Every structure is written in C-alpha cells, then in structure tokens.
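From first to last, the protein sequence lines are chains A and B. The opening position of the first sequence corresponds to residue 1 in the UniProt record's numbering, with each subsequent residue numbered one higher. The opening position of the second sequence corresponds to residue 1 in the UniProt record's numbering, with each subsequent residue numbered one higher.
Check the hints yourself; a few may be wrong.
Claimed, not checked - What follows is a set of in silico ranges between Cβ atoms, one per label pair, in the way DEER data are often shown: (1) 254(B) / 263(A): 52 to 60 Å; (2) 267(A) / 177(B): 29 to 37 Å; (3) 304(B) / 264(A): 57 to 65 Å; (4) 211(B) / 123(A): 21 to 29 Å; (5) 132(B) / 255(A): 18 to 26 Å.
What the hints assert, rightly or not - Restricting the straight-line Cα-Cα distance to at most 20 Å, the calculated cross-link-like pairs of lysine to aspartate or glutamate (DMTMM-like) are: (6) 195(B) / 124(B); (7) 135(B) / 225(A); (8) 162(A) / 212(A); (9) 135(B) / 169(A); (10) 300(B) / 208(B); (11) 155(A) / 230(B); (12) 195(B) / 266(B); (13) 237(B) / 122(B); (14) 205(A) / 313(B); (15) 138(A) / 169(A); (16) 126(A) / 108(A); (17) 329(B) / 208(B); (18) 155(A) / 169(A); (19) 138(A) / 230(B); (20) 126(A) / 147(A); (21) 138(A) / 241(B); (22) 310(B) / 370(A); (23) 310(B) / 86(A); (24) 329(B) / 108(A); (25) 329(B) / 317(B); (26) 300(B) / 317(B); (27) 182(A) / 230(B); (28) 182(A) / 65(B); (29) 182(A) / 165(A); (30) 134(B) / 99(A); (31) 134(B) / 370(A); (32) 162(A) / 151(A); (33) 182(A) / 147(A); (34) 134(A) / 320(B); (35) 135(B) / 289(A); (36) 134(A) / 317(B); (37) 310(B) / 289(A); (38) 329(B) / 267(B); (39) 254(B) / 267(B); (40) 237(B) / 52(B).
Simulated from the structure, these hints should not be mistaken for laboratory data. Just so you know, these numbers come straight off a predicted model, no measurement behind them. A virtual CB, placed ideally from N, CA and C, is assigned to each residue, including glycine.
Chain residues, written in single-letter form:
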Amino acid sequence: MTILAIYVAIFIGGFFAVKYITASTQPKDYTSLKTVTFGDESAVRPNRAASIISIVTIFLLWGSFTGSSLIPSFLHAPAAYTGLGEFNYTVDANGQTDDATVTVNVHETDGEAAVPEVEPGDGFAKNDSISIAKYRSKLLRVDANDEQGRDEGAKIVAVNGKAIEPGGEVIVDFARIAMTPKGTLNIVPKTGWQMQPLYLPPPEKVASRLVEISSTGFRNSTLWEHLGYSLFRVIVGFLIGAAVGIPLGYAMGLSNWFRGWFDPVVEFMRPVPPLALIPLVIIWAGIGEVGKIVLLFLAALWIMAIAARSGVSGVNITKVHAAYSLGASKWQIMRHVIIPNSLPEIFTGARVAMGVCWGTVVAAELVAAEKGAGMMIMVASKFQNTDIVLMGIILIGVIGFSIDVLMRWAERLLVPWKGRS
Amino acid sequence: MKLTTKLMSAVAGVALLSGAQAAMADGHGLTVGYFLEWPMPFQYAKVNGTYDEALGAPVTWVSFDTGTAMSAAMASGDVDISVSQGVPPFVVATSAGQDIQILDVAVSYSENDNCVVATGLEIDKTSAAELAGKKVAVPLGTAAHYGFLSQMNHFGVDISGMSVVDMAPAEGAAALAQGSVDMACGWGGALRTMKESGNILLTGAEKEALGILVFDVTSAPAGFVAENGDMAAKFLKVTADANAMWADEANHAKMLPVIAKDAGMDEAATASTLAGFAFPNMADQLGGTWLGGGAQTFMKGVADVFVNAKSIDAALDSYDATVNTGPLKAASEM
C-alpha cells in the first residue's frame, strides 16, 4: 500500500513538473495548433518524459525497498532492525514484583551471532539476553534463569511499563513483544519496509545472476539457448497459426457457407485460454516440441482468423463497387481491394496474436520443457531462486516488447496506407 | 427495480458475503495444506471434524501436488501448517532463507517414493549405467528429486548427460505410459501408475540401506508456531491420536473407507499405499533417530546433494534451528 501511494505521488508530481517545464517549449507542429485535443486520438502521443520517469520510478522503488547499493542510502526505505536492543519486563510472583532487562542482538540472516553477555542483576527476576536474525522471531522463556519461575506462580505482567497478558503484545522501539498463551515472550524485531531478498532481491542481485547465467548457463543450457528455444516455438506456432487463420478468416468474410460452418467453432474456441488446453495437448501431442507448437498454433489461430474476417468485413463497399465498375474480376478485387484494405486489421491481429503466443509459450514450457524461458522461471521457483525468476520475467518482458516494436515497424513498412481512406 | 439497481444490489451482496467469509477466515481459523492421493490416518480425523473440535476453530484444508508448492503457500502466509511435506522441499525452502520449522515426522515411506524405468528399456540395477543420456520426468525440488539424484549417484550415472524434465508425478506417469520419457519419478497414486509401465531400480529396503531415507514432516512458518504454539500442539495431538488409532488393526475396517474417499482413491489402492507407510509415535519422533538429531543430520545431507547437483546455491551450516520439538513435546503431555 505504501509503495502504491509513493508511486501515485510520483505520477502526479511528475505530471505537474513535466507540464511546468515543457510549457514554454511546446513544439509548433500541426497537433500543437489544435484547439480541441480531448477525444482526438490522433493528437495523443506518448510523452517521452513520462515514459522515462515511469521506468526510473519503478527501478527506484525496487532499489529503495530492497536496500539496493545502486541507489543512494537516503532513498532507501526503512530497513529491518539490526543491532542491540533492550526492553524491561515486570514479573509478579505471588504479590511480589521485580523488573529485569532483556538485551537482544538482532543480526544479519547469514550466520549466527553471539548472544550478548549480561549481568544477572539483583532481585528474583534476572536479566536475559538473546540473539535473533533479522526478519525472524524467537521465543524467550525469561523465567528460565529467574529465582521464581512460571511453575512457582511467577508471571510477566508488563513490558516497558505497559501491561501485557497472554495473547497480548507491546510495541517497543525495536520490536514487537508478543505473549503466547502460556506466557512466553515472542520477540519479533521490526522488519522495516524493505523486502527480504527471498521475496524480492535487489536489482544488482538480478543483474549479477544475468551475467552469471549468460556465461555459465542454467541447467546445462546457455541463456541464449533457453531464449532461442522460446522464440523458435513462438515464431513457428505463430506462423502456422497465421498461415491457417488468415485464409480461414478470409473465407469466413467472403462466404456465407464458410461463415456459417466455422463461426460456431471460432467463437467457441476464442474465449478458451490456451492454458486450459495444456493437459489435452500433452495427452494428444506428447511433451516434445510438437505439443508446445500445437498449443501456440491454437493460441494464434483464432485471433488471426477473427482479424482477417474483420478485415474483410471492414473493407469500404464503395471501393469494391468502384473496382467492379472498372471491370475487375473476383481475383483482382481480392488482390487489389480486399487484401490491401484488410492488411491493417490483420497486422493488428498479428500483434495481439504474437503477444498471446509469447505469453503462452511460458505456460507451455511449464510442463516438461528441457529448455526455454518458462522452464527457467519454473525450475528457479521450485528452488526459491527469486533472482532467476525476476531475471526471466524481465527478459520475457523485454523480448515481448521488442517483438511488438518490430511488428509495428513492419506494419509501417508494409502497410503505409493504414489510417488513410 | 431497474437493472442497474439489481446489479448494484447483487454486487453489494457478493461484497458482503465475501467480506463475511474473509472475516471468518481471518478470525481464528487454521489453514492446512495436504496431498491428494496420499492416504494418511489424519484424514479420518479431518473428515470427522476432530481437528475443528480440538482446536475450537474451523480448519480449512487446501490440497497441493508438490511440497515446493506448500513452501510457496507458507511463504505467502496463506497456509499455517503443511501436513506431509517432503524433507527435500523443506530443505530447499529453509536453505533459501524461508523461516519454516519441522514440528513432527508425518510419515516414513521408502516404498512409496521411487523412480520407474520404462519396461521396454529392460534396465535394472545391474544395468543402470545404460540410463546415461536418457530422458527423465522428475518433480524438481521434491523427495522424488532427491531420491533420483541419490540413486543416480549410487549407480555412477552422470546426471548432466541426462535429459531431466520437470513434471509433477501424475504428468510424469502419463508421459512414461506414452513413451515420451524413459524414466519417471514420483510417489503415491502416480507411482502405482508408473509401475504399470515399468520397473524400479531399488526397493525401499535397498534405498534405506544406502541411506536414502524418505520421510515427510509436518511443517509450519516459525512465526505462526511461536504465537500459536498451543494450537500447533493440539493439531499434532489429534494427528498422533489418529495414527495410534490406525496402528490398531481393529480400526482399519471403519477408518479405511473414510480415508480412501478423502484421498480420492479406491479402498484397495489406499490399503496397499498405507501398508508401505510407517507412522512413528510421539516418543519415537522425539528420540535420536528422528527429531532428536537424526532428521537434522539427514537434512544436511539432502542439502549437500542439492548443492552438488547445482540445484541450490548453498546449504545452511546446520539444520538444528529448523526443528521445533516444543509443540510435539506439549502434545505428548496432553
């Protein structure tokens, strides 16, 4: 919740800061001369400053909440408590009360730390000491060394002067002191806002893992083999899906019979997530490459078919009439009118299909893959190697984004008439 | 009543219901992880509501297919206790820094966890070297994975030359039957299915002789145990009572159908699986063989096997701190 609040604050602050800075340096182009831009999609361009601030913010938050050495320490979120801490407890033994002190050494999680030596002190309640790793908690039977213990009717009634009873707790400056139903103190040092490396490792740990796996590989395969296999599966699955889906979509867009025959199948299969098909695909196609490619083919097929069908449906009828009036044959109408006019829609579908395939390949590799980005993530998660999991996620995201950029570039190159009537 | 009003009412109703459920779940209940197709006496107590009665709170039971998934659920805070988590996934989690503890030994089962080689290969323990370069389905990070690594180590088969694919036991059994893999490792119902398509290399007794122990534990997050020690002790007491009840063969007739149904198995399969299980009593568990030192030493050995196989980065110096006998001692005095 705190992270979200900070993120929202940076978003709002960044918006006003960039708006203020760029107000005087507006480009004098056609868009800038428009008086009404709200609701005009053509007037909306991604604000590069916003993109940069967004990415930097994510990395700053990540570094801040993991205590990363890559960012200055004043930007770090409060860390888990380490060092020596003390609290007092009050014991009531049959009407007699006495105070004693507990010294706690909260140390780093790797390795043990010495238990602080303390003087026992006067009175029947003796001083205690304990060593606890940060992010951990420990039970302390404070009466174990007292002259009158729990069995003799002694019980802890207060911590740092605040009353406590079984099931209750007292917050001291460095920890939460809870009392178990049997009257034992459970010392939980403050964990701060930073995440444990097990749950979220710092960026440099992920980067060092990337370097390590790039050079030494992961489970007998290089990183490039893992990523290459995933890309190969996606491209093959997508291409087969497009090769079948586009003609199918055209047929559905141009023929009543084809539309009637395939519409129920396409509309039935379209909402079924590829993940749901994994068990069937494994049974039918096995656990090898064929099974994975079949799954990706099915992921792309319906999207491409619907995109092609929409492309045909969206062709301006006046263009078709004009072509007929000029004496065009059906094949010429297809080649010169329908295909060029449906290509923008098909490219949009292709971008969506490629994204879905890239997302699905990770799932396809969760079962019985020897190589692949998904397999890498899944195996790492089994051994709680969160740094490898994050590394895999980042690589998948970067590759997915790169694929989308390439698709957009190809669209601009191959369909320059998109958006022009 | 307008459609929008109806929709709003429905949404409000769902929100109230889910809020009430969340409040109930958040109250004093206990969430316990267990395995399907893994019959154990505790399931008799589970079905009869003995746990709810003894704890004075509702117990929510969540099924898993691997011990690694149990670790993840405990890390997220969604599961309070895991019954019959394999020692290897427990070791993997604690080695990675997860703060969970062993509370008791749930079951010992050398015969019910193994690797099966496809019949067509005609490979047995005398020709195990022929497994080099073969394709194996293994649920990584589990007891079956540890058993696989140890057996291959014993036979001198180079694992780096083998093609190891990560598959849950049920999927591995299907792949073995299809001929998609040459060997599959698993436990319980899946292992029985695997044996229909192949043969084992080592029997349970042979594995034990080599020091390849297979036992599961009841585990829980340390923070939960620290603040709910009494609840944990009561839970262990009910489990121990169910085990003691099963130890008396006179009770098998009434317990078996209940356990079988809850495990999702038929009675014959349940009986044969349970025949391969041993449930140490509380006194034995607290002795040197198990939680008095034996388990800790064994865990260190398991961790070292995983480190050598480059599955985990490093092992802890000692696993003594990962065993908490407090609740079990308290249970034995109840």
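A quick look at each hint next to the structure:
1. 254(B) / 263(A): 52 to 60 Å: holds (57 Å)
2. 267(A) / 177(B): 29 to 37 Å: holds (35 Å)
3. 304(B) / 264(A): 57 to 65 Å: Distance hint for residue 304(B), residue 264(A) holds at roughly 59 Å.
4. 211(B) / 123(A): 21 to 29 Å: This hint is violated: roughly 52 Å between Cβ atoms.
5. 132(B) / 255(A): 18 to 26 Å: Cβ of residue 132(B) to Cβ of residue 255(A): about 57 Å, so the range 18 to 26 Å is violated.
6. 195(B) / 124(B): Roughly 13 Å separates the two Cα atoms, so the pair holds.
7. 135(B) / 225(A): Roughly 19 Å between the alpha carbons, so the hint for residue 135(B) and residue 225(A) holds.
8. 162(A) / 212(A): violated (52 Å)
9. 135(B) / 169(A): With Cα atoms ~55 Å apart, residue 135(B) and residue 169(A) exceed 20 Å; violated.
10. 300(B) / 208(B): holds (17 Å)
11. 155(A) / 230(B): holds (18 Å)
12. 195(B) / 266(B): holds (17 Å)
13. 237(B) / 122(B): violated (47 Å)
14. 205(A) / 313(B): holds (13 Å)
15. 138(A) / 169(A): Between residue 138(A) and residue 169(A) the Cα gap is close to 14 Å, so the pair holds against 20 Å.
16. 126(A) / 108(A): violated (27 Å)
17. 329(B) / 208(B): violated (27 Å)
18. 155(A) / 169(A): holds (15 Å)
19. 138(A) / 230(B): Status holds; Cα separation ~16 Å.
20. 126(A) / 147(A): With Cα atoms ~8 Å apart, residue 126(A) and residue 147(A) stay inside 20 Å; holds.
21. 138(A) / 241(B): With a Cα-Cα distance of about 29 Å, the restraint between residue 138(A) and residue 241(B) is violated, given a limit of 20 Å.
22. 310(B) / 370(A): holds (16 Å)
23. 310(B) / 86(A): violated (42 Å)
24. 329(B) / 108(A): violated (30 Å)
25. 329(B) / 317(B): violated (26 Å)
26. 300(B) / 317(B): holds (8 Å)
27. 182(A) / 230(B): Holds - the C-alpha atoms of residue 230(B) and residue 182(A) are around 8 Å apart, at most 20 Å.
28. 182(A) / 65(B): violated (36 Å)
29. 182(A) / 165(A): Roughly 10 Å separates the two Cα atoms, so the pair holds.
30. 134(B) / 99(A): At roughly 68 Å apart (the allowed maximum being 20 Å), residue 99(A) and residue 134(B) break the hint.
31. 134(B) / 370(A): holds (12 Å)
32. 162(A) / 151(A): Outside the cut-off at roughly 23 Å; violated.
33. 182(A) / 147(A): holds (19 Å)
34. 134(A) / 320(B): With a Cα-Cα distance of about 18 Å, the restraint between residue 134(A) and residue 320(B) holds, given a limit of 20 Å.
35. 135(B) / 289(A): holds (14 Å)
36. 134(A) / 317(B): holds (18 Å)
37. 310(B) / 289(A): violated (26 Å)
38. 329(B) / 267(B): Between residue 329(B) and residue 267(B) the Cα gap is close to 34 Å, so the pair fails against 20 Å, i.e. violated.
39. 254(B) / 267(B): The hint holds at about 11 Å.
40. 237(B) / 52(B): holds (13 Å)
When held up to the earlier numbered hints, the structure conflicts with 4, 5, 8, 9, 13, 16, 17, 21, 23, 24, 25, 28, 30, 32, 37, 38 and fits the remainder.
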